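There are 2 protein chains.
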Amino acid sequence: MPDTHAPNAAAALLPAIRAIVGDRGLLTDPADTAPYAQDWRKLYTGRTAAVIRPANTTEVAAVVKLAAQAGVPLIPQGGNTSMVGGASPTEEGSELILSLSRLSQVRAIDPLDMTMTIEAGVTLKAAQNAALEAGCMLPLSISSEGTAQIGGVLAVNAGGNNTLRYGNARDLVLGLEVVLANGDVWNGMRALRKDNTGYCLRQLFVGSEGTLGIITTAILKLVPKPREIAVAFCAVPSAEAALDLFGRFQAHDQAAIQAFELMSGLGTEFVLKHIPGATLPVGQAAPFYCIVELATPRPNAGLRGSLEAVLEGALEAGTVVDAAIAESEAQRAAIWKLREEHSEAQKREGASVKNDVSVPVSKVPAFIAGATAACEKLMPGVRAVPFGHMGDGNIHFNLEQPIGSDAAWFLAQDHAIMDTVNEVVREYGGSFSAEHGIGRLKPYMMPDWRGGPELDLMRRIKAALDPANILSPGRVIG
Amino acid sequence: MPDTHAPNAAAALLPAIRAIVGDRGLLTDPADTAPYAQDWRKLYTGRTAAVIRPANTTEVAAVVKLAAQAGVPLIPQGGNTSMVGGASPTEEGSELILSLSRLSQVRAIDPLDMTMTIEAGVTLKAAQNAALEAGCMLPLSISSEGTAQIGGVLAVNAGGNNTLRYGNARDLVLGLEVVLANGDVWNGMRALRKDNTGYCLRQLFVGSEGTLGIITTAILKLVPKPREIAVAFCAVPSAEAALDLFGRFQAHDQAAIQAFELMSGLGTEFVLKHIPGATLPVGQAAPFYCIVELATPRPNAGLRGSLEAVLEGALEAGTVVDAAIAESEAQRAAIWKLREEHSEAQKREGASVKNDVSVPVSKVPAFIAGATAACEKLMPGVRAVPFGHMGDGNIHFNLEQPIGSDAAWFLAQDHAIMDTVNEVVREYGGSFSAEHGIGRLKPYMMPDWRGGPELDLMRRIKAALDPANILSPGRVIG
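Protein chains in written order, with the numbering used here: chain A, 768 to 1245; chain B, 768 to 1245.
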């Protein structure tokens, strides 16, 4: 579906939109709209005649109805933290930005139902805090949570560190309210754990990145707040050993694992070198490290004993060469800092090319070995620094420029590097976009990876739900 | 979409279908086809020119392509255990049954990935057993599991006792292979925990009851086999107390709860009266009973201690008046027998009208009180025997005929009773079909409950994916 929308149509619609949302709900000064028109990675600097900021669902619906009648495309936007330009308008200026940030109420929390009713514009962090205050936990955590908003988090099916236990964003959604492409409102706000009454519409909107409808309100599942958390940092001789260690924790008590992260020795070296205060919690460097975090709402659960029991067996088997268990909240934070500062350390070390990929969990070691070898063959001296969510198979397979090479020369080869990594991803039945989505950055890859009947199905669904092609046109399915 | 298909077209297609599936793959003798044409509840006795039994996906696809070209409707069928006639052909004889039962291989189990690759025709019980042999558990259990097949289980998004912990069938699906309405095959067989590459098609097919595509193969999530299971039978003074008890177990260790079931005192009386060998594990009768089952793969987890700790607090608070903890596998089975024999005991007591409904968990007590009062007002003397999955809000709200009343007179008022119950369900934001689906029995209720933009969306999706309306026409969305 080509973008045949005209910039003038967008501008012509503004008086009618202002009549709906009022002065406070419409930004038209370029100084005001510019921050909304650029994505935070600064991959795209778009133009727009206005940022529309409705105050409630009724206003959103009225705006969409107008836009649909006029054929003016809308780009729904939450916290504008997309990694793939999913919330950025094009350079033509034909698209209007629809910001959900004024829908900012946590409407209700029910600790017995373990549900939260929440509007699209609440930041993930504010939602987490509201849940904690009610004695519950919203078990979704991503690095942009201070800025990312619930509507966007659901629209892109965000993942993060705790997916292996609690699932992705889509696994936390019970109910949705969605403004459809014709301005109708679908009220699917049901707080039910079982409801087999027709097609599962909510899972179609979750992950559609704003191309099928605009999420305005949601009912999310919560879990009890953990009372006990135990964290270990483990030095392992290989990625295979890391996988074996994960299997041991799964067999011991899968339900207690809250995170299982992998880091390469080199990536960890970068953190120790570039990040002030970072220290290695174990006595000797190793080819790989794992962070395992156990958590439970049960009192006196003895999670430390669980860690010790599993690690003892792993040490005996040679699966782990050394390990440190956090004795305090400060030690726990210090361990996690080694993981969280990976991107920053890579940036300070030099230029890097990022791949957000996934494979089946059992294939992570083979994938890392294969992708490392393929990249080194493509570019001798390139430095692979894989890290990420081993427990769910999502590896951030980043490549650091060869020592002494020119950064611009290196970055100019980003597509060749990404293609090389992705060929190995494909070999193991993986995904070229595990948690970041497609947005504007990756629709060109869809025909190759999801072509044939799959992309055809997606296009038929898009045409059925948004026949005028006004919701984020060209994104996701191209 | 009216059924405008002609019986003759189906018969005319048989030679071409025989050429695809061979003699072994085609049943045309009415003596052979009759069992497939009647649902197990005997609500529908349909007619069909043939039961097609393809041996593999390629044959399924070729048959569907032929049927699509000829405009002949197909009714996909697994174990034929639908509660709502979802797999039964109409009386006109214009529909052919497509049985998936010969796609019967468990292709692979990976205990590290915790996945199972399985064909549509494997029974749920066989799938459970295969998982157990590999040291894992397929955590889905329904009463028809010995007959129900994986394809059907996924097509209807089956629920059961363990939904509160492991989710419904849809929560266990990672990958799918689906034959589409035009005979194309969608290969979505990905064993990935994270994959954000376009719309979530698998969740559209799961729960669509065969109206959007035919599931031929799946990749399912497994969990580790429990090493320790602890079960308690609790007498409680009210449904409110049962809810309070559930909240206590949630707060203590949500991740350990594997089932939390509710039974009325009267329904339990029926079991004790009609089922040989049934005994009450506690000293005194009570208005309601709960069964709570904890399970963990952790060794020496002390689940019995967890039960005792929570029950002690609940006894002190008056939430529980008496409780018995199973000391052996035999005692555990005896406790579960009280729950599992509820339907049979009701049958022996007399005629009953069944409602498979759900409300938010916190609303279960108010719903039970409201629906009981409404039914007693409608029909003095009617006996409410609610039971079911309190932990996920799914209550089987069954009504037993008044003592001494005429069974036929009672059953003739089934619609009035169901409507009365459903009005209370609606009051609490519930669902009129929690786990049994819509099939042929309940499409008439869809406009009232899911009408407006929701049913309109479903119809647009159906038209987009099955424009010739050949897959289970008239089911689900009418």
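Don't read these hints as lab results, they were simulated from the structure. Don't take each hint at face value.
The list makes no distinction among identical chains, and a pair is therefore deemed to hold if it is satisfied within one copy or across any two copies.
[Claimed, not checked] DMTMM-like, lysine to aspartate or glutamate: derived pairs with alpha carbons at most 25 angstroms apart:
hint, residue 1, residue 2
1, Lys832, Glu1143
2, Lys992, Asp938
3, Lys1121, Asp1089
4, Lys1144, Asp1186
5, Lys1104, Glu1083
Small disclaimer: the values here were computed from a predicted structure and weren't measured.
> Where does the structure disagree with the numbered hints, that is, which hint numbers, in rising order?
Replying inline: Hint check: 1, 3 and 5 fail, others pass.
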